[in-house]
Amino acid sequence: MTVKQHLMGINGDEAVAYAAKHALVDVCAAYPITPQTIIVEKFAEFVANGEVETEFVRVESEHSALSACVGAAAAGARTFTASAANGIELMHEVIFLASSIRMPIIMAVADRAPSGPINIHGDSTVSLAQRDTGWIMIYCENSQEAYDATLQAFRIGEHPDVQLPVMTMLDGFVLTHTLENVYLLGEKDAHKFVGRREPMMIEIDGKPVPLKLDPKTPITIGPLQLFDYYMETKLQHSEAMERARPVITQINNEWAQLTGRKYGDGYLQPFKVKDADAVLVTTGSSAGTARYVARQLRAQGKKVGLLKVRTFRPFPYKKLAKILADVPVVGVFERTHITGSFGGPLFTEVRSALYEQNTRPAILGYYGGLGGRDVTPDDFEAMYKELLKVKTTGKAPRDLVKYVTVRK
Amino acid sequence: MTQEKSEWRPRLKDIADQEELFTSGQRLCAGCPAGTVARMAMHALPRPKNTIVSNATGCLEVASTIYPYSAWRVPWMHSLFENAPANASGIEAAYKARKRQGLEKDIPDLLVISGDGSGFDIGVQAASGAIERRHNFLYIIYDNQAYQNTGIQRSGATPKYAWTTTSQVGRAVPGKPTWKKPIALVYAAHDPAYCASASVSHWRDFMVKVRKGMEVDGPAVIHVLSPCHRNWRYPEELGMKMAKLAVETCFHPLWEYDGDTRTYTMSSPSMRYVKDPDKKKPVVEWLEPQGRFRHLFRPKRRDDWIQDFQRLVDEDWEFIQKLTNMG
Chain V
65 MTVKQHLMGI NGDEAVAYAA KHALVDVCAA YPITPQTIIV EKFAEFVANG
115 EVETEFVRVE SEHSALSACV GAAAAGARTF TASAANGIEL MHEVIFLASS
165 IRMPIIMAVA DRAPSGPINI HGDSTVSLAQ RDTGWIMIYC ENSQEAYDAT
215 LQAFRIGEHP DVQLPVMTML DGFVLTHTLE NVYLLGEKDA HKFVGRREPM
265 MIEIDGKPVP LKLDPKTPIT IGPLQLFDYY METKLQHSEA MERARPVITQ
315 INNEWAQLTG RKYGDGYLQP FKVKDADAVL VTTGSSAGTA RYVARQLRAQ
365 GKKVGLLKVR TFRPFPYKKL AKILADVPVV GVFERTHITG SFGGPLFTEV
415 RSALYEQNTR PAILGYYGGL GGRDVTPDDF EAMYKELLKV KTTGKAPRDL
465 VKYVTVRK
Chain U
76 MTQEKSEWRP RLKDIADQEE LFTSGQRLCA GCPAGTVARM AMHALPRPKN
126 TIVSNATGCL EVASTIYPYS AWRVPWMHSL FENAPANASG IEAAYKARKR
176 QGLEKDIPDL LVISGDGSGF DIGVQAASGA IERRHNFLYI IYDNQAYQNT
226 GIQRSGATPK YAWTTTSQVG RAVPGKPTWK KPIALVYAAH DPAYCASASV
276 SHWRDFMVKV RKGMEVDGPA VIHVLSPCHR NWRYPEELGM KMAKLAVETC
326 FHPLWEYDGD TRTYTMSSPS MRYVKDPDKK KPVVEWLEPQ GRFRHLFRPK
376 RRDDWIQDFQ RLVDEDWEFI QKLTNMG
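Residue numbers (my numbering), protein chains in the order written: chain V, 65 to 472; chain U, 76 to 402.
Misleading hints may appear alongside valid ones.
Unchecked claim - Calculated lysine-lysine pairs in the PhoX-like style (CA-CA distance at most 20 Å, straight line): (1) V/383 to V/336; (2) U/180 to V/280; (3) V/256 to V/326; (4) V/280 to U/124; (5) V/449 to V/366; (6) V/280 to U/174; (7) V/366 to V/326; (8) U/356 to U/235; (9) V/338 to V/280.
What the hints assert, rightly or not - Over the 12 Å line for every Cβ pair with chain V, so calculated as not near, a few chain U residues: (10) 122; (11) 393; (12) 400.
What the hints assert, rightly or not - Cβ-Cβ distance ranges computed for the label pairs, FRET-style: (13) U/248 to V/293: 40 to 48 Å; (14) V/293 to U/177: 36 to 44 Å; (15) V/320 to U/142: 41 to 49 Å; (16) U/178 to V/108: 16 to 24 Å; (17) U/400 to V/291: 53 to 61 Å; (18) V/386 to U/178: 54 to 62 Å; (19) U/99 to V/291: 23 to 31 Å; (20) V/459 to U/225: 16 to 24 Å; (21) U/104 to V/466: 52 to 60 Å; (22) U/225 to V/108: 35 to 43 Å; (23) U/248 to V/412: 45 to 53 Å; (24) V/193 to U/378: 54 to 62 Å; (25) V/412 to U/175: 44 to 52 Å; (26) U/100 to V/251: 46 to 54 Å.
Hint data in this document are derived by calculation from the structure and do not stem from the laboratory.
Glycine included, every Cβ here is placed at the ideal spot set by N, Cα and C.
Produce the entire structure from the sequences given, and follow the hints as far as they go.
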């Protein structure tokens, strides 16, 4: 039995703001940046109307936004922030720090292209550039998922086995600024789902002590660790990320029971992959368009499928390899631009995940939709047709990765 | 809003009886006054058992918390170089929000500590923002006039002519080409609840200021001069003397800013030189023992540079006297 939910016409940013409100966030520290601004504006409205108990810290930069969250989380608070593109780049130093000292901060990333040239529209280059910072990373397909994933993120990040920050990505403008029907939980049901944050317990001199800045139990957070201890701390971080794997699936299942909405196993959402001749792998709102095209092509008898990668960190390389191993041709579409590599972050992960398999598909990479360029159903149809042609001819194109949606 | 002004006067006997919250065993250089600053600050806390410290990257931080050891007996946090006031903003916000919800009983006092690298240069933005937001914290900037922790590079606190590894003394350039920032005035211009200039040599003045800064409701800043023998190149046992000379030459005047009355006041150690200008020592007495100013004296004494330095000191001193209505 799922709980009663409330349908609202809101955009992705507002959906995230409602999720933060429903999560009983203690501290929200944020700085405005398009296309994230509506999140903080909406949240400021909740604060102004006394609808939340949150302490809203209107900081002077993104660096301070995440730094304030780190301080707040270290003091035991449930914390939330949101940013985009240049803001994420400015706080990059703090992004590494937050995960390394195991602060389960939740951050919504309104994915936007990096400068320069300056551009405010959708693109995953910046968020994917955070892939090595030790955060859990979830890409949302639509505003509903943005709401759902944000609430899930608190449970995942604050889970006693995990204690890591989580970033949830929503595509700039396509999701952040577009009105959609979104089902929200009732406040009480949401509160019941997220609960309260409990600080991680650590051991000092054989005694359990909360990892929290608390005068009752004074501890030192953020000491200097050189060659003698640094690596062990990194290893613990890595182990926490591995322990997050089952937690992500567990929370996804719990959410499905509560709301009736399930996002695959929490990591991957395959669509008609089993007997497919060609499968496109992609993230975020592109998955919605690609699925629509795949459905149409299926109706025409073309055996195509889609694999949406929802959780990028921890990357589901085993699950992905299993799903794709017997597919003859795979295309990876990403709204990312990397120079000097043989493919974008999603492409290289997917390709690498398949290395251990006895059978490996032909893999083509596509860069497209950069800086908010529209990625239309026609574009996906063209990609699918190319993949099918590779299947028929057995010949892959000369370029491993190519640009689509680009001016000729 | 009128605030209770601290009448507290530190007594050595009382201090000797207090628990050390910044303990021995830390690994600052022998004779480094940064440890003295931290220890005195801890002894001046109005609520020592209910205070949280946010410490920026710097000598004090690296030397006092080498894992698995810590010299701090208070809850202490370090995250990065330029964000200690932002960290503190979050700590305060956390306790405020959770107290409102009945999850915490009290909001602890907050002390932020950084060196001049953070306080004068890379962390100014975070400090400025935190003061503007009126968080309740005291920010102590211990100023040793360069990036000593990374190996003596120039900072916004380095005075003109000083040798550092990035303001070398050569045939073309005699050390740092420009004067230091009047950082305490920069923060005072934010109209915090309290702001002061102090010196590690004048312990009573400094400790009373720390107490005031912790007790006022709102942001407070103390800029405290803390010599570094590794850069300044004086015998390591002379740290307090070098700090004292900086006050006696009026290179580093001691003053206070009161956010209630929006007035600047000269502190008593510097008042002496207002009342009796003849007692003000020439700055050459402070320069000569320091190896970083060696080129002002050897191989050839450069009176033109020494006089230029004296002029800069005098101009600052005049300005502070005017601000404190003493000029």
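Does 45 to 53 Å hold as the CB distance between residue 248 of chain U and residue 412 of chain V, or does it fail?
The hinted range 45 to 53 Å holds for residue 248 of chain U and residue 412 of chain V, with Cβ atoms some 49 Å apart.
Are residue 280 of chain V and residue 124 of chain U close enough, with their CA atoms no more than 20 Å apart? Given that 20 Å is the threshold and the Cα spacing comes to 8 Å, the pair holds.
Problem set entry | Consistency of the no-contact label for residue 393 of chain U, given chain V and a CB cut of 12 Å | Given that every Cβ of chain V is farther than 12 Å from that of residue 393 of chain U, nearest at about 33 Å, it holds.
- Message: Within 35 to 43 Å: is that where the Cβ-Cβ distance between residue 225 of chain U and residue 108 of chain V falls?
- Response: This hint holds: roughly 40 Å between Cβ atoms.
Do the alpha carbons of residue 180 of chain U and residue 280 of chain V lie within 20 Å of each other, as the hint requires?
holds (12 Å)
Original post:
Is it true that residue 178 of chain U and residue 108 of chain V lie within 16 to 24 Å of each other by Cβ?
Top reply: Holds - the Cβ-Cβ distance for residue 178 of chain U and residue 108 of chain V, about 23 Å, lies within 16 to 24 Å.
query: Does residue 122 of chain U sit more than 12 Å from chain V, CB to CB?
result: violated (8 Å)
Would you check the hint for residue 280 of chain V and residue 174 of chain U, treating anything up to 20 Å between C-alpha atoms as holding? holds (15 Å)
- Using the Cβ atoms, figure out if residue 293 of chain V sits within 36 to 44 Å of residue 177 of chain U. Hint holds: Cβ distance 38 Å, inside 36 to 44 Å.
Regarding residue 104 of chain U and residue 466 of chain V, is the given constraint of 52 to 60 Å on their beta-carbon distance met? Check passed, 59 Å falls within 52 to 60 Å.
Q.
Given a hint of 54 to 62 Å, does the C-beta separation of residue 193 of chain V and residue 378 of chain U actually sit inside it?
A. This hint holds: roughly 56 Å between Cβ atoms.
Original post:
Do the alpha carbons of residue 338 of chain V and residue 280 of chain V lie within 20 Å of each other, as the hint requires?
Top reply: violated (57 Å)
Checked against the numbered hints above, the structure violates hints 7, 9, 10, 18 and 20; every other hint is satisfied.
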